[in-house]
Amino acid sequence: MMDDDENTSGAADPESAVLCLRDAAVAVGGRRLWSGVDLTVRAGEFVAVLGPNGVGKSTMIKVLLGSLPAAAGEVTVLGQRPGAAGDRIGYLPQRRNFDGSLRIRGVDVVRLGLDGDRWGVPLPFSRRFSSRQRTADERVREVIELVGATAYAHRPIGECSGGEQQRLLIAQALVRRPRLLLLDEPLDSLDLPNQAGVAALIHRICERERVAVVMVAHDVNPILSYLDRVVYIVSGGAASGPAAEVITSDTLTRLYGTPVEVLRAADGRLVVVGGPEAPALHSDRHTHSHSDRHGALR
Amino acid sequence: MNPGFTWNIVTDFQWMWSVPSMVNAFRGGFVVAIMAGVVGWFMVLRKQSFAGHSIAVTGFPGAAAAVYFGLSATLGYFGFCIGSALVIALFSRGGDSGAGDRAHSSALIAIVQAFALALGALFLSLYGGFLDSTSSFLFGDFLGITSTDVLTLTVVAAVVLACTAVLGRRLLFASVDPAVAAARGVPVRGMNLVFLVLLGATVAEVSKFTGSLLVFALLVMPAATAQVLTARPGFSLLITAVIGVLVTWVGLTWAYFGNQATGFTITSLAFGCYVVAFAVRFLRAQLSDARSTLEHAEAVA
Chain C
1 MMDDDENTSG AADPESAVLC LRDAAVAVGG RRLWSGVDLT VRAGEFVAVL GPNGVGKSTM
61 IKVLLGSLPA AAGEVTVLGQ RPGAAGDRIG YLPQRRNFDG SLRIRGVDVV RLGLDGDRWG
121 VPLPFSRRFS SRQRTADERV REVIELVGAT AYAHRPIGEC SGGEQQRLLI AQALVRRPRL
181 LLLDEPLDSL DLPNQAGVAA LIHRICERER VAVVMVAHDV NPILSYLDRV VYIVSGGAAS
241 GPAAEVITSD TLTRLYGTPV EVLRAADGRL VVVGGPEAPA LHSDRHTHSH SDRHGALR
Chain E
299 MNPGFTWNIV TDFQWMWSVP SMVNAFRGGF VVAIMAGVVG WFMVLRKQSF AGHSIAVTGF
359 PGAAAAVYFG LSATLGYFGF CIGSALVIAL FSRGGDSGAG DRAHSSALIA IVQAFALALG
419 ALFLSLYGGF LDSTSSFLFG DFLGITSTDV LTLTVVAAVV LACTAVLGRR LLFASVDPAV
479 AAARGVPVRG MNLVFLVLLG ATVAEVSKFT GSLLVFALLV MPAATAQVLT ARPGFSLLIT
539 AVIGVLVTWV GLTWAYFGNQ ATGFTITSLA FGCYVVAFAV RFLRAQLSDA RSTLEHAEAV
599 A
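Chains as they are written, first to last, in the working numbering: chain C, 1 to 298; chain E, 299 to 599.
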């Protein structure tokens with residue numbers, strides 16, 4: 001929120017914006033999932049796509065990646081149509097934990113993010129005489145250090161914990177220095193300390209690397225204090241804008257159709273608290289449906 | 299027919315290599331072991347062992363049909379293995395998503411396998427009585443390998459290995475992390491198709507050595523052993539190839555002097571390697587645990 005003023009002033013300008021949606025809508029199988037979404041994201045901004053499950057938050061990511069066409073409206077990603085700027089976008093799909101039997105090191109997974117889409121194989125011992133190899137090695141080491149995964153990057157990734165895997169995957173998404181990072185529920189299935197840690201890491205990346213982040217989440221609290229902008233999607237409606245304007249008791253209560261309160265904690269942080277029936281909104285999760293209920297608008 | 303093993307290694311090997319078919323077996327075995335190791339390494343990583351097994355089983359009716367129609371068994375192996383690989387690749391849903399798709403794929407693979415075995419039974423009965431070569435189709439026959447076979451094996455292996463090398467990183471990416479690979483523009487489904495065809499060709503070759511039932515000796519075991527020992531991809535592939543060649547050569551020698559089927563000797567040796575690798579990893583883990591406990595104790599004291 002450091003440069004909120006600069007970012008919110010002025011009309012949406014698709015040229016300088018990393019990401020621009022105008023009156024966008026999406027339909028899957030003929031069913032309109034959401035519509036009327038306006039959103040402009042600039043470099044270094046942290047944006048959350050929030051809402052209960054099953055309303056099509058992940059389809060927003062698919063639209064931005066270009067794998068699903070928008071049913072209406074205009075979508076521009078890095079000044080181009082979605083899908084045309086693939087190599088400047090880092091993507092972290094909804095996980096997906098690597099299972100324990102996968103015998104590939106974390107550093108290999110990060111490396112695949114750098115050159116996994118190239119043909120051929122690196123020649124053995126090529127790092128001795130190829131400066132490109134050394135540059136690549138250096139970049140992988142650097143990005144692993146950035147996410148704080150140096151200690152376990154050389155272990156098989158299947159043996160790493162959920163939080164460690166998530167950090168390595170963020171490194172994988174970042175390794176090509178993307179200008180836009182699309183994260184689909186990166187805090188899902190992490191315990192509370194790891195949620196806080198990964199959220200702080202993403203915020204740090206926004207600030208330091210000037211990467212714009214669009215993050216899908218169903219629990220706003222771990223990221224609330226870092227957000228510049230939010231898009232709230234609920235079935236039938238959407239609201240977007242600066243976090244301070246959208247995350248209010250009135251707006252959320254109207255969107256959810258159930259009492260939702262936004263409280264200010266003693267240390268100044270905002271906390272979103274749902275009414276007693278709020279968890280029911282989230283009961284249509286297909287994975288981890290019981291384990292992470294606590295994650296719903298607490 | 300074979301002389302006994304005399305423990306005089308030099309004379310033993312001179313004796314063994316004076317038989318032309320044994321020399322061919324050693325040459326062919328080398329080629330097959332390397333190809334099976336590399337392709338099998340990806341198969342183990344992609345968790346497509348079941349598909350590989352079913353493709354191998356379809357080699358049996360393929361060989362039986364080819365012999366029934368008076369064609370070479372090799373042709374039958376290749377035709378049926380690659381054909382079933384295509385069926386599995388084209389009719390299973392993309393391998394990159396949920397458990398439902400995987401269940402659908404594994405059911406499809408099982409159907410292909412069952413139908414293949416039924417066809418095998420059909421061709422055996424059409425042939426009238428028990429086909430002499432049934433046992434070699436199922437358990438391998440290394441003495442039947444001719445110089446022409448070795449040439450065919452080498453050409454196919456060169457093509458398969460070249461394709462695998464060209465796919466290289468893309469195949470690894472699509473195998474380890476299909477969702478991100480797809481977002482980066484790697485055609486994950488296309489990779490699956492090409493890989494299964496390569497697997498079909500590999501399995502057809504290995505079948506000649508170990509028979510349809512025991513292809514996994516060279517396809518899965520060296521790769522699984524290497525993946526137990528290391529998580530570095532390049533090193534792991536190297537270990538796979540070395541183990542594959544070693545068990546094949548030692549297995550051939552054992553089969554020659556011990557009058558055993560290669561299917562049995564090679565498989566037993568590969569299994570032995572796997573067990574040893576597991577023991578090594580277990581001991582290594584115990585050792586590093588003990589060391590860290592010791593260090594911890596020292597740090598506390």
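Hint data in this document are derived by calculation from the structure and do not stem from the laboratory.
Remember, it's a predicted structure, so these values are computed and weren't measured experimentally.
The C-beta atom is built at its ideal place from N, Cα and C for all residues, glycine as well.
A couple of the hints might just be wrong.
Between beta-carbon pairs, the in silico distance windows are [said to hold, decoys possible]: (1) C:Asp99 / E:Ser445: 31 to 39 angstroms; (2) C:Phe129 / E:Arg582: 13 to 21 angstroms; (3) C:Thr135 / E:Arg589: 33 to 41 angstroms; (4) C:Phe125 / E:Arg589: 28 to 36 angstroms.
Chain C is nowhere near these chain E residues, computed Cβ spacing over 12 angstroms in every case [said to hold, decoys possible]: (5) Thr309; (6) Thr462; (7) Leu491; (8) Leu544; (9) Arg589.
Non-interface label on threonine 309 (chain E), tested against every C-beta of chain C at 12 angstroms:
holds (38 angstroms)
Per the stated criterion, does the least C-beta distance between threonine 462 (chain E) and chain C lie above 12 angstroms, as a non-interface residue requires?
The assertion about threonine 462 (chain E) is violated, with a minimum of 9 angstroms to chain C.
Whether the CB-CB distance between phenylalanine 125 (chain C) and arginine 589 (chain E) falls inside 28 to 36 angstroms:
holds (31 angstroms)
Determine whether the Cβ-Cβ distance between threonine 135 (chain C) and arginine 589 (chain E) falls within the hinted range of 33 to 41 angstroms.
holds (36 angstroms)
Using the C-beta atoms of aspartate 99 (chain C) and serine 445 (chain E), is the stated range 31 to 39 angstroms upheld?
violated (45 angstroms)
Does leucine 544 (chain E) really sit off the interface, with its C-beta more than 12 angstroms from all C-beta atoms of chain C?
holds (20 angstroms)
Verify this label for me: arginine 589 (chain E) is non-interface relative to chain C, using a Cβ-Cβ cutoff of 12 angstroms.
Check passes; 16 angstroms lies beyond 12 angstroms.
Falls inside 13 to 21 angstroms, the C-beta gap from phenylalanine 129 (chain C) to arginine 582 (chain E)?
The hinted range 13 to 21 angstroms is violated for phenylalanine 129 (chain C) and arginine 582 (chain E), with Cβ atoms some 33 angstroms apart.
Looking at leucine 491 (chain E) again, its CB stays over 12 angstroms from all of chain C?
holds (17 angstroms)
Comparing the model with each numbered hint stated earlier shows that hints 1, 2, 6 do not hold.
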